[in-house]
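K.L.:
So the sequence lines, in the order shown, correspond to chains A and B. In this text, residue positions in the first sequence follow the working numbering: the first is 1, and each later residue adds one. In this text, residue positions in the second sequence follow the working numbering: the first is 1001, and each later residue adds one.
Mixed in with the good hints there might be a few duds.
What the hints assert, rightly or not - No more than 30 Å apart at the CA atoms, straight line, and that leaves these computed lysine-lysine pairs for DSS-like:
1) K340(A) to K1024(B)
2) K322(A) to K340(A)
3) K1091(B) to K1024(B)
4) K108(A) to K261(A)
5) K161(A) to K108(A)
6) K1240(B) to K342(A)
7) K177(A) to K1240(B)
8) K342(A) to K1091(B)
9) K1292(B) to K322(A)
What the hints assert, rightly or not - Here are the computed distance ranges between Cβ atoms for each label pair:
10) L188(A) to Y1239(B): 53 to 59 Å
11) L188(A) to A1003(B): 39 to 45 Å
12) D1125(B) to Y219(A): 39 to 45 Å
13) T1008(B) to V245(A): 48 to 54 Å
14) I319(A) to Y1016(B): 53 to 59 Å
These are calculated hints, taken from the structure and not from any lab test. Glycine is no exception: its CB is placed at the ideal position from the N, C-alpha and C atoms.
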Amino acid sequence: MAYVATRGGESAIVQSERLYRAGLGAIDADRVAEVGSALPWLVDRVMGEASLYEPESAALALAQTGGDLYETVLLLRAWRTTQPRLAIAEPVLQENLFTHRRISAAFKDIPGGQILGPTLDYSHRILATSVLEGNPFMPEPVAPADEPAPARQPSLAAWQKAQGLVADPPREEVAPKDIPDLTREALLFPAPRAHVLQSLARADTGGVLTLGYSAMRGYGNAHPTVNELRLAEAEVCVRHPRGTVFSAGRVKVSQAEVAAKEAEGIRLGFAATLGWNEIKVISAATLDLNAPGAAKGSPVEEEFVLYHTEPVEASGFCIHFKLPHYVTFQSSLDAIRNAKTKDAVPAKPTPTAAKTKTRELEKEPAE
Amino acid sequence: MTALSELTRPWAAMSYGFLDASAKREMRRKMLKAIAVPGCQMVYASREVPMARGWGTGGLQVTLTLVNPASVVKVIDQGADDSVNAVSIRKFLARVSGARETWDTLEATILQSRHRIPEELMREDQILVLQVPNPEPLRPVEPNMSVAREMHADADYGRLWLILYEQMVRSGRIMQGAAYPSLVNGRHVITPSPIPRWDVPKLHMAHHLTFLSAGREKRIFAVPPFTSVEPLVFSDVPYKVEEHGDLTCHRSGVKGYFMNEIPQDDGSSAFELSDSNLGIKAIQARDGEPVKIGETWYNSGAMQ
């Protein structure tokens, strides 16, 4: 068994995985709880890309991979895809969202008001080094507003539609079970609207930022204005088999509408995702805004954007280049050597080279 | 009133063969469609599996759909059964299906492979599942998948012929290494996956069924048994497989098969059989152990 002795792949992969896991140590419920409470924004990002709203599972996946985000998302996606579907929730409407933060860059003030909510936008980004010197960073208490902001806010687009600034396309009535589902069918182009929004919702945050930023810098044709950005909680309302609609709980959602100012009025790009992730929804909405009419192969065209921002596919293909490719390499090597032999003939018309050429010609029919 | 427990089976961590019934049903339908239109790329949802995209997830979904407890599975990567990823896939298959594992091509009922077709002839009762990184032979001339799809519908392969011609003009020969574009059943051009040119003739009028499945790109196509697979060549320029027919395996002494080249310290090269289990069996036979070596597609370095 000479071959086996020199390879030993089976034990090598077992040990390499052990080496990785040894570095992470024991993973227990306390660690998962700590990840969940210390890193809620990371948990949100992961839940969005995994398209699975389950903070505890997301924290577990982060703990299990030591924070490798692409591994984390893959773990959750592979888990999600095996789970049964119990019900399809009722549509979530903007005006029913329990809104924590809702801002517009398009107007100084808007109906319902600018609600800042939780944000680091205006913070000074100074590393709290004193923590490392033993002085814990204690957040200042929040002073409640004199008047609490209303929990539910109208959408700015509703006001714009009433003003005739934004076109109000007729609503397509689709039975919930007939909504195209990206996780149950392949993405083809031109893609149904549902597939576009689902793809953007579970897209890689870094990926949509990269392409969205390219559009913002000028590789797209529409400059985005943040019409409305919202961080909210949505009630997940499902219908009981007996007919009663009830709330099964709330999920954090983010959504962005970005506007392009055109002669015919305001055109909107939209994106929403599970969890609170502002960079992602602004970038994704910018891509949505720029996609119509974009040239094939441009960085903002629908097919280009949606295929290349899929985190599981993109990361998987990237790391697959670590796999052995020596058969394909050998196959090309054969062609390269053979072509070089041919090249040598006109360059060096020596008897040796001519002989090589003859030998090669003789060999060819035998192959 | 009926209790919920009477309507359901007891909870289990995963379905038999990992994929749930709805995923398998879709796979079966798409596999049948792929057989019905040889070489035509069929789209499928392609579920996430517990393995990274690009690491054989397409092949895995086909194998998981085909596998049953009586199956015997062989998994190879670059021709080797003990290559790390092949081991990982084979262990996963055995774990979720209870199927028996083998390294022997003759024993296997399902053979999942990355980049090689074994040297021993495959039979009618065997299925080959090739992992496909890029299912689109037109990618070098048309990266946009929806445009490429229209080109297949129109059998518009002119630009593919053109790049082969350009290679001949520039380099004196067709430079395509592995994944040689081939016409299936006289209608659809496929990439046979990055198998060497050596392996492409094994698909032509083969006795076995071949599925080619790309999980990341969500496309599956098939070469049914006894179907023509013709590499794209010009009538006056014959198809050339790698010049491995005269090479000898330095471990087993066997000659006339596709080889791995192993660079040596003295600047020379040694060669070993790429089909690693054929190499093991050849060594066992040489040492007088009882071992069955099947007939091979190539004999004395030439396709039969």
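K.L.:
Looking at the structure, which of the earlier hints fail to hold?
P.N.:
Of the numbered hints given earlier, those the structure breaks are 1, 7, 8, 9, 10, 12, 13, 14, listed in rising order.
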